[in-house]
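J.: Taken in order, these protein sequences are the chains called W and X.
Position one of the first sequence corresponds to residue 0 (numbering that gives the first Met the number 0), numbered consecutively onward.
Position one of the second sequence corresponds to residue 0 (numbering that gives the first Met the number 0), numbered consecutively onward.
If you're looking for bench data, these hints aren't it; they were derived computationally from the structure.
Each hint should be verified, as a subset may be incorrect.
Stated by the list, open to error - The following label-pair restraints were derived from C-beta to C-beta distances: (1) X:Asn64 <-> W:Gly120: 34 to 44 Å; (2) W:Ala17 <-> X:Ala263: 43 to 53 Å; (3) X:Arg66 <-> W:Ala141: 56 to 66 Å; (4) X:Phe103 <-> W:Phe285: 26 to 36 Å; (5) X:Arg179 <-> W:Trp6: 50 to 60 Å.
All C-beta atoms, glycine included, are put in the ideal place defined by N, C-alpha and C.
Protein chains: 2
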Amino acid sequence: MIDIDPWTITGAVLKAQARADNSRLREIMDSLVRHLHDFAREVELTEAEWAAGIDFLTRAGHITNERRQEFILLSDVLGLSTLVTAQNHAKPAGCTEATVFGPFFVKDAPRYRNGDDIANGAQGEPCFVSGTVRGIHGEPIADACIDVWQSDDEGFYDVQRSGLAEAQGRGQLSSLEDGRYDFRSIVAVPYAIPHDGPVGQLLQRLGRHPWRPAHLHFMIHAPGYETLVTHLFRTGGTYLDSDAVFGVRSSLVADWVRHEAGTAPDGRVMDEPFYTLHYDFVLNTFATQT
Amino acid sequence: MIDIDPWTITGAVLKAQARADNSRLREIMDSLVRHLHDFAREVELTEAEWAAGIDFLTRAGHITNERRQEFILLSDVLGLSTLVTAQNHAKPAGCTEATVFGPFFVKDAPRYRNGDDIANGAQGEPCFVSGTVRGIHGEPIADACIDVWQSDDEGFYDVQRSGLAEAQGRGQLSSLEDGRYDFRSIVAVPYAIPHDGPVGQLLQRLGRHPWRPAHLHFMIHAPGYETLVTHLFRTGGTYLDSDAVFGVRSSLVADWVRHEAGTAPDGRVMDEPFYTLHYDFVLNTFATQT
Numbered sequence: 000m001i002d003i004d005p006w007t008i009t010g011a012v013l014k015a016q017a018r019a020d021n022s023r024l025r026e027i028m029d030s031l032v033r034h035l036h037d038f039a040r041e042v043e044l045t046e047a048e049w050a051a052g053i054d055f056l057t058r059a060g061h062i063t064n065e066r067r068q069e070f071i072l073l074s075d076v077l078g079l080s081t082l083v084t085a086q087n088h089a090k091p092a093g094c095t096e097a098t099v100f101g102p103f104f105v106k107d108a109p110r111y112r113n114g115d116d117i118a119n120g121a122q123g124e125p126c127f128v129s130g131t132v133r134g135i136h137g138e139p140i141a142d143a144c145i146d147v148w149q150s151d152d153e154g155f156y157d158v159q160r161s162g163l164a165e166a167q168g169r170g171q172l173s174s175l176e177d178g179r180y181d182f183r184s185i186v187a188v189p190y191a192i193p194h195d196g197p198v199g200q201l202l203q204r205l206g207r208h209p210w211r212p213a214h215l216h217f218m219i220h221a222p223g224y225e226t227l228v229t230h231l232f233r234t235g236g237t238y239l240d241s242d243a244v245f246g247v248r249s250s251l252v253a254d255w256v257r258h259e260a261g262t263a264p265d266g267r268v269m270d271e272p273f274y275t276l277h278y279d280f281v282l283n284t285f286a287t288q289t
Numbered sequence: 000m001i002d003i004d005p006w007t008i009t010g011a012v013l014k015a016q017a018r019a020d021n022s023r024l025r026e027i028m029d030s031l032v033r034h035l036h037d038f039a040r041e042v043e044l045t046e047a048e049w050a051a052g053i054d055f056l057t058r059a060g061h062i063t064n065e066r067r068q069e070f071i072l073l074s075d076v077l078g079l080s081t082l083v084t085a086q087n088h089a090k091p092a093g094c095t096e097a098t099v100f101g102p103f104f105v106k107d108a109p110r111y112r113n114g115d116d117i118a119n120g121a122q123g124e125p126c127f128v129s130g131t132v133r134g135i136h137g138e139p140i141a142d143a144c145i146d147v148w149q150s151d152d153e154g155f156y157d158v159q160r161s162g163l164a165e166a167q168g169r170g171q172l173s174s175l176e177d178g179r180y181d182f183r184s185i186v187a188v189p190y191a192i193p194h195d196g197p198v199g200q201l202l203q204r205l206g207r208h209p210w211r212p213a214h215l216h217f218m219i220h221a222p223g224y225e226t227l228v229t230h231l232f233r234t235g236g237t238y239l240d241s242d243a244v245f246g247v248r249s250s251l252v253a254d255w256v257r258h259e260a261g262t263a264p265d266g267r268v269m270d271e272p273f274y275t276l277h278y279d280f281v282l283n284t285f286a287t288q289t
């Protein structure tokens with residue numbers, strides 16, 4: 000006969016799932032159950048608080064659709080996404096750090112050649128981005144596939160704007176023979192993550208804001224190397240110390256240098272101020288990819 | 000500048016929510032974040048496993064509607080509901096134990112008088128239920144409001160059957176002056192919790208079945224006493240040792256005594272076999288209710 004109290008319940012659940020065929024699933028669920036129960040005991044969760052939790056998850060589920068993922072947002076603001084990214088991409092010193100993927104990546108973005116303008120009509124101050132892609136021993140990586148995506152000067156990605164005929168602020172290019180890359184785009188700005196749902200309400204009740212510092216997204220893959228998913232942030236940018244999704248790494252903050260109107264890096268004469276940003280990426284060898 | 004790794008992320012999230020006005024919310028979220036992060040580190044959660052978790056929650060959210068609550072089901076099968084119930088209803092020895100509420104309660108069920116047949120057409124072998132409602136000092140409790148609800152002989156509650164004009168296997172009655180109650184109903188049978196969704200798939204992958212042992216639900220409230228939400232289980236019943244939602248307490252298992260056709264407790268002559276079930280409930284005084 001089973002006699003369960005707030006302490007013996009944990010052993011009862013672990014015993015019930017002890018026959019799971021999949022030992023990894025059992026390991027995960029055992030740990031999950033122990034921590035879930037420890038949490039409920041530690042805070043002496045009341046029935047009303049439990050019901051509030053059920054209601055929160057229900058509302059998060061109902062607001063989630065093909066274009067909005069409230070559970071990923073929740074994972075992001077609770078630091079879980081950053082934790083999982085970090086522990087799966089431990090790298091030797093000298094490699095470029097990874098950070099969160101975010102929800103705005105699009106597969107098969109338009110192909111560009113080095114030097115092209117990937118803004119493709121997105122509004123913002125011009126920014127010329129350049130650098131190299133290398134391995135940890137300094138070897139240049141040719142033909143690395145570089146995906147770039149970013150917000151416009153109102154903080155929106157192209158996928159958040161309806162009625163666009165073409166991708167904007169997003170593209171794919173390949174590194175040159177000597178590992179160099181360069182493209183033209185616009186200056187990214189800080190933006191708020193979607194905060195009109197349960198996660199936004201939670202942030203507000205926790206005294207937290209929903210803002211992310213300005214950043215450019217990069218995903219770089221090359222045969223024999225660990226795929227790098229990361230951002231570049233802006234030196235001195237707002238929210239660097241309070242990114243709502245904990246994505247900032249000091250090694251990913253770079254100078255976005257402002258220039259008055261004049262000759263740009265690509266030789267053309269600009270009649271407005273522009274920015275330059277230089278960053279050298281270092282990929283890890285493939286071995287640590289799981 | 001923030002430099003976050005799989006360990007420092009936890010402190011960064013706690014710091015971010017340190018300014019929450021509501022100290023209880025902060026206490027809960029601090030504990031939740033610590034346990035969530037400890038879990039992810041302990042099992043070294045991979046990105047693919049994280050994505051599977053997001054997908055599970057999304058599917059649970061999408062299958063949840065006004066008549067189905069997959070998150071409560073998840074809480075039930077993970078033992079969280081039982082833990083929360085137990086820790087919020089600790090009582091002096093001698094009081095009837097509480098167990099999980101379940102999703103099949105209906106407010107304002109039909110009123111019956113003692114001796115009435117609450118089956119009201121639900122199919123099953125007749126069962127005559129009787130007993131008393133008393134306080135911990137043995138005092139009879141008059142006019143206690145007793146809600147009863149149960150499945151029929153196919154394991155379905157009335158709310159799971161479409162097209163019923165009236166409630167079946169469900170009713171509300173009041174204890175008599177001397178604390179006694181009695182009613183006629185049918186014998187409840189084991190049934191499977193809804194298992195055609197993500198929670199059912201999880202149970203299957205964990206090597207667990209979705210069955211609950213036969214039981215009658217009771218909710219009893221009386222002024223000055225802690226409301227009691229509980230079940231009565233059947234001695235020797237199937238699944239007593241493996242209830243999918245961990246609701247069984249040995250103190251709640253009672254003899255459902257089978258009788259051959261003949262005179263029933265209410266004096267009528269039965270031309271088929273019938274059961275009797277006697278249980279004396281003991282309510283806690285109100286003080287421990289939070």
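J.: Confirm or reject each hint.
T.: So, going through the hints one by one against the coordinates:
1. Between asparagine 64 (chain X) and glycine 120 (chain W) the C-beta distance comes to about 42 Å, which sits within the given range of 34 to 44 Å.
2. About 45 Å separates the C-beta atoms of alanine 17 (chain W) and alanine 263 (chain X), a value consistent with the hinted range of 43 to 53 Å.
3. Separation of arginine 66 (chain X) from alanine 141 (chain W) is about 59 Å and conforms to the stated range, judged on CB atoms against 56 to 66 Å.
4. The hinted range of 26 to 36 Å is not satisfied by phenylalanine 103 (chain X) and phenylalanine 285 (chain W), whose Cβ atoms lie roughly 54 Å apart.
5. The hint said 50 to 60 Å for the Cβ distance between arginine 179 (chain X) and tryptophan 6 (chain W), and at roughly 36 Å that hint is violated.
Comparing the model with each earlier hint shows violations of hints 4, 5; every other hint is respected.
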